[in-house]
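Undergrad: If you want the building blocks of each chain, they are given just below.
There are 2 protein chains.
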Amino acid sequence: MATPEEVESGGDTRREIMEATFRALSEHGYADLRVRDIGEEFEKSRTLIHYHFDGKHDLIASFLEYLIEQYEEPGDGEITDPWGALSDRLDQCLFGPEIDAFDHWERMTVYHELFAHARHDERHRAVFNDHYAQLRGNLTHVLEAGVEQGAFHDVDAESLAQLLTDVIHAARARRISLGHEDAPEQAREAVDEFVLDSLAASERER
Amino acid sequence: MATPEEVESGGDTRREIMEATFRALSEHGYADLRVRDIGEEFEKSRTLIHYHFDGKHDLIASFLEYLIEQYEEPGDGEITDPWGALSDRLDQCLFGPEIDAFDHWERMTVYHELFAHARHDERHRAVFNDHYAQLRGNLTHVLEAGVEQGAFHDVDAESLAQLLTDVIHAARARRISLGHEDAPEQAREAVDEFVLDSLAASERER
Chain A
1 MATPEEVESG GDTRREIMEA TFRALSEHGY ADLRVRDIGE EFEKSRTLIH YHFDGKHDLI
61 ASFLEYLIEQ YEEPGDGEIT DPWGALSDRL DQCLFGPEID AFDHWERMTV YHELFAHARH
121 DERHRAVFND HYAQLRGNLT HVLEAGVEQG AFHDVDAESL AQLLTDVIHA ARARRISLGH
181 EDAPEQAREA VDEFVLDSLA ASERER
Chain B
1 MATPEEVESG GDTRREIMEA TFRALSEHGY ADLRVRDIGE EFEKSRTLIH YHFDGKHDLI
61 ASFLEYLIEQ YEEPGDGEIT DPWGALSDRL DQCLFGPEID AFDHWERMTV YHELFAHARH
121 DERHRAVFND HYAQLRGNLT HVLEAGVEQG AFHDVDAESL AQLLTDVIHA ARARRISLGH
181 EDAPEQAREA VDEFVLDSLA ASERER
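Sequence order for the protein chains is A and B. Residue numbering for the first sequence follows UniProt numbering, starting at 1 and increasing by one per position. Residue numbering for the second sequence follows UniProt numbering, starting at 1 and increasing by one per position.
Calculated from the structure, these hints are not laboratory results. Glycine included, each C-beta is placed from N, C-alpha and C at the ideal position. A portion of the hints provided could be inaccurate.
[As the list claims (entries may be wrong)] Residues from chain A that face chain B, not an exhaustive set, calculated with beta carbons under 8 Å: (1) GLY29; (2) ALA31; (3) HIS112; (4) ARG119; (5) HIS120; (6) PHE128; (7) GLN162; (8) LEU178; (9) ALA187; (10) GLU189; (11) ALA190; (12) GLU193; (13) SER198.
[What the hints assert, rightly or not] Just the calculated beta-carbon pair ranges, DEER-fashion: (14) B:GLN70 - A:GLU78: 44 to 54 Å; (15) B:GLU43 - A:GLU189: 43 to 53 Å; (16) A:HIS28 - B:HIS104: 25 to 35 Å; (17) B:GLU43 - A:GLN70: 48 to 58 Å; (18) A:ALA200 - B:ARG23: 50 to 60 Å.
Turn these sequences into a full structure, and let the hints steer you where they fit.
TA: Encoded structure:
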């Protein structure tokens, strides 16, 4: 049985391999990535990579889970201010977490590149589907709370959450692929004006 | 100087190379594609590919232009029915042109895969930027006509057209990458309910 120190050390090694994978993916892209490129970004022995992961396929699937975990947040807490909670969530999805030195857009670039390849890989697709469901679920939770509390109209929360999740995804993709640096800001303003404007319960009766 | 027959034949050959490229991309994906894979899908001599194109890079950029041309439509015609024109345009973008035997989703799959790689290639990025501008421009044209004719509220047409273009892109990406077959239908319904519902000039005054 592994001692706590060994477990801890194994966890550290895995994390270091994951960060090496991130740097290698950022530099080489998924298409051209070889395990040796990851080895070159990794400070310890390359044999440790082969000890922990069963080839590039397994490594990338694990990396994807690791990447997405960094964006995970409990989305089921109590909502006391639905408008504030909705705004915060949209901002965080569009602009990234407020952590200094956390390279959000480099991570998102890798995320979107792997997303585009997900149809070729059932395990990748399952991870992305879980993440999509989580993003939509967190927004649904906020919208349902707002409807219950009378802050929002009685909307189909899941359908609206799906629309917002799609807009977030597209704005990020547009920034990354087309170089539209202001795509997240544009999306935020358009959502405010054309979607959320009519969500206010006080504006009109249904 | 080339005779008309030779020009015609050159056009045919280029089209045949483009369709061979499409089949090879569908089968192998962009990452693993070699010019020889395209050669295997091409019925004529492989040397013709090298005669017409300067390597994989040039071939793919030309293919991208060819692919996008198939979706091009003049978007500056007179709009007599703004609601109908908007609905038709959204349907066509989300569900594909109504041409039997035109494999819209296979073409879109290739499109989205190349889109994800566009940041690596300025020529690809320029083609995608032109196409994005065209899609948004066509929607802007319909929205402006509707505003002018009093069918729609006085909205910022360009901003709304950008939001709709983003939603279309995301729904297609979600269908392709995550396997959500109903993503286009979901997006259409959500756009109707949450975006277009408040576009009606008669619904409320600004």
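Undergrad: All the hints need checking, so say for each whether the structure fits it.
TA: Structure-based check of each hint:
1. GLY29: 6 Å, holds
2. ALA31: 3 Å, holds
3. HIS112: Since the shortest Cβ distance to chain B is 6 Å, the answer is holds.
4. ARG119: 6 Å, holds
5. HIS120: It holds, given that the least Cβ distance between HIS120 of chain A and chain B is near 6 Å, below 8 Å.
6. PHE128: The hint holds - PHE128 of chain A has a Cβ within 8 Å of chain B, the shortest such distance being about 6 Å.
7. GLN162: 6 Å, holds
8. LEU178: 5 Å, holds
9. ALA187: 6 Å, holds
10. GLU189: 7 Å, holds
11. ALA190: 4 Å, holds
12. GLU193: 7 Å, holds
13. SER198: Holds, about 4 Å.
14. B:GLN70 - A:GLU78: 44 to 54 Å: 51 Å, holds
15. B:GLU43 - A:GLU189: 43 to 53 Å: 51 Å, holds
16. A:HIS28 - B:HIS104: 25 to 35 Å: 32 Å, holds
17. B:GLU43 - A:GLN70: 48 to 58 Å: Cβ of GLU43 of chain B to Cβ of GLN70 of chain A: about 49 Å, so the range 48 to 58 Å holds.
18. A:ALA200 - B:ARG23: 50 to 60 Å: Hint holds: Cβ distance 51 Å, inside 50 to 60 Å.
When each numbered hint is compared with the structure, no violation occurs for any of them.
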